[in-house]
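Engineer: Model the placement of chain W on the given structure of chain F, informed by the hints.
Residue strings, one per chain:
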Amino acid sequence: MLSSPFLTRPLPVNQIMLRVLLALLPGIALYVWYFGPAILISLMLASLTALATEALMLKLRARPLKPFLSDNSALLTAWLLALSVPPLAPWWLVVIGTAFAIVVAKQLYGGLGNNPFNPAMIGYAVLIISFPHEMTHWVSPQSLGGVQLSFTEQMSYIFLHTLPPGLTLDAITMSTPLDTLKTQLHLGHSVGEIRELPIYGRLAGQGSEMVAAGFAIGGIYLLFTRIISWHLPLVYLGTLFVMAGIFHLFDPAHYVAPLFHWFSGAAMIGAFFILTDPISSPTTAKGKIIFAAGAGMLTYLVRVFGGFPDSVAFATILMNMCVPIIDAYTQPAIFGRKDAHK
Amino acid sequence: MRQLYTFHGGIHPPTNKAQSTTQPIAYAPLPAELVISLHQHAGEVAKPLVEVGERVLKGQLIGAPVSGFSAAIHAPTSGTVAAIGLQIVAHPSSLPELCITLQADGKEEWAARHPVDFRTLSNAELQSHLRAQGVVGLGGAVFPSDMKLRHSIPVETLIMNGAECEPYITCDDMLMRERAAEIVRGTEILRHALNTKSVLFGIEDNKPEAIAAMQQAIDDSSLPFEVVAVPTLYPGGSAKHLIKVLTGLEVPSGKLPTDIGVQCFNVGTAYSVKRACDDGEPLIARVVTVTGNVAQPRNYEALIGTRFAELVSASGALPGTDRYIMGGPMMGLELPGANVPLVKASNCLIAASDALFPPQPAPLPCIRCTRCVGVCPAELQPQDLYWFAQSNNFGKAQEWNLFDCIECGACAYVCPSSIPLVHYYRYAKSEIRARDQEKRAADLARERHEFRQLRIEREKQEKANRLAQKERAATTANAKTVAETASVPTPAKPVVTVDDTQQLRINTALERAKAQATAARPKNTDHLTPEQLAEIAAIEARRSHIHDIAADTGADDEPPKQS
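Each protein sequence line maps, in turn, to chains F and W. Position one of the first sequence corresponds to residue 1 (my numbering), numbered consecutively onward. Position one of the second sequence corresponds to residue 1001 (my numbering), numbered consecutively onward.
The following block holds chain F by itself, in its conformation from the complex:
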């Protein structure tokens, strides 16, 4: 017999996760619009892998399958990972990443609620370190007017690794706008010259800037429905903006504008969907601000001065590590103890 309260009215875990999945849809729709349907295959592969590995691990750990398979958390990890991986890549790439995320980063740490690191970001980190070559071939946006593969041609590349005769992978893929920026700056070009390249659009990369905007729309939905609190996304984007703004003002020829950073790479999906994973982020308001500011700074520093073109994953993982200590040192004053706290 449990004690009171006898009345509860929660928004259950699976509903929360479902709403986050729904919030990803605008970004996914724009992804398909600009880059073709290959991403849908990645999402499908990742989802199936996540559910299968989750079920297997639950079975091995002698945990009930139904409540944990229906909590939608594995699907969310799968989708976040699939959206971080180039869609036109051999099928095993996203499968390995998802399997690692679920098996090692989530279930071996104790499953739902117990993972200190964001599983999708661990999966991503494993892939970018182990398969750097496969991770750099991104589909060119259809608006660039290059050769476009049909859905069946994309399928045949993903599963059979065959391209239509006469086509090379380089002809249909490119490196990311962030990567291109970094390479071109190394080659001595100025930001102004680089931004003239056809792959760039109004704010950042053509197509990808719109996908980022789609994620931002989903994120705003999450903010308004109070699925996530404002602290993490706003402080993260704010820090990124301020960092980029300072450098940009100081030397606009070498440092790209803040909005470019916002709408490039994983900044938007990171701000609203990745950092906001409650399990691996701090619980106190002050802690969330520190966490997001740290992640924002790390993202900028690695992007501009580090070896990797993007760094949302590393920024997230590094800040995940700090969560216990951030939480311990940011405990707020409680009712009736505010004077003692000051």
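None of these hints come from the bench; they were simulated from the model. Please note that the accuracy of each hint is not assured.
For lysine-lysine, the following BS3-like pairs were computed, each having C-alpha atoms within a straight-line distance of at most 27 angstroms [as the list claims (entries may be wrong)]:
1. 1470(W) to 1255(W)
2. 1255(W) to 338(F)
3. 338(F) to 1480(W)
4. 286(F) to 1396(W)
5. 1107(W) to 338(F)
Structural biologist: Structure of chain W alone, referenced to chain F:
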């Protein structure tokens, strides 16, 4: 308009109050038998003053407060004491309490009543009067009201709590609607005792009828009291939170409201104070909401000791009820059955079923979403407290202010993982209290042991001192004798003689022990015949065989290790 303040968190559960406010307060029928618990208040169990078979009158003192922190118990009606013994009552521990069973004679014959004119009484005199009349807080905590009149610094503000924030409960609402004048009168008495300047009635704004009735009664009395409609927000009726809303002051953790010059009484308590002073009637009845799965939810004025089953049948029991909750659904207590008696703390009885309170799904792990942090009125970190409690990390739980949790249940109400959070907090609190008690007991035992050691040591020392003194005295006496009679030869030193005899005794004892040891040496394992040896070998072989078999089966039977 008075400036109101807010407190952090809170929730808006469906109030479900309308059902039980359609009918006026009814007098519950006089039961044939009443069971009066001697522990209906915060503090120590009252001492029974009557014997089995004794006839008692309505309002007669039958249980006396045993210490400063206790309350008097009175007979709710006239009748005969049928039994005094342990019975299951409405108590979180489900442990039986000492109860007096009273056979009502139906005459309702009153004992002498002692009305007092409060204006002639000092605070101390009023305290002893309320104590004699068994008045305790009726908001739920049943804290002896006389103790709440004590204060160290002047009490500036008296707050009358009519917030009644818990769902389903309407006893204060109905009492304010119907007996506002008496509540104002009781408040006047309390204000007189505390000598406060301002008196505020805090009533949640979902009770417009009660607010209007109280305002009317105050206007009629022309007392300078103020009715303040406070926003409906659970748990806004918690004394500390109502004080915050009305005054902006936070009662410091571990302190009493009087320490910051505020005191808070429930409106129902004020009504009892009025009855105790003006009418000389002790607290023997209260208003209780009977609601939930009953044909006619309503409020009753019922005698303390009435079995809940009688109230349920008065309201028309409906099929489907499978449990009863005393109090509201947020902080209430599941009763061990409908046969337990009404106590002073019983503000509400809910006939509950799965239709009303659907069973909660199996809990999932905490996802640290901090929805609980958002609603916690004590501004705690419920997810951390849960983590510490479920891992038995009680030191950390205390460090994270576990004991500032008021167990309002807001955290569990919103938990997406359906974790029974408050259950964990209650568990941790009781474990910590039990360990503290054990530690105190152990400390006491150690102290006693150390004291005993000290005493033995001291006694030894004293004995040695006495001996030495005696010896000195003897030597001086000897010296005197020697000096006086030089011709007498010095006697042999007695000490040496003692030593010699002692040594002799030790030697004899040693020799005796040696002799015994030698005598006992031949054991049944010595000097064995070859036949006996063979038999032993055979037995050993059989045993080792059995051992092997046991080891094998043991290995097979060993359960697979759980991950």
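Engineer: Find the hints from earlier in the document that the structure breaks and name them by number, from lowest to highest.
Structural biologist: 1, 3 and 5
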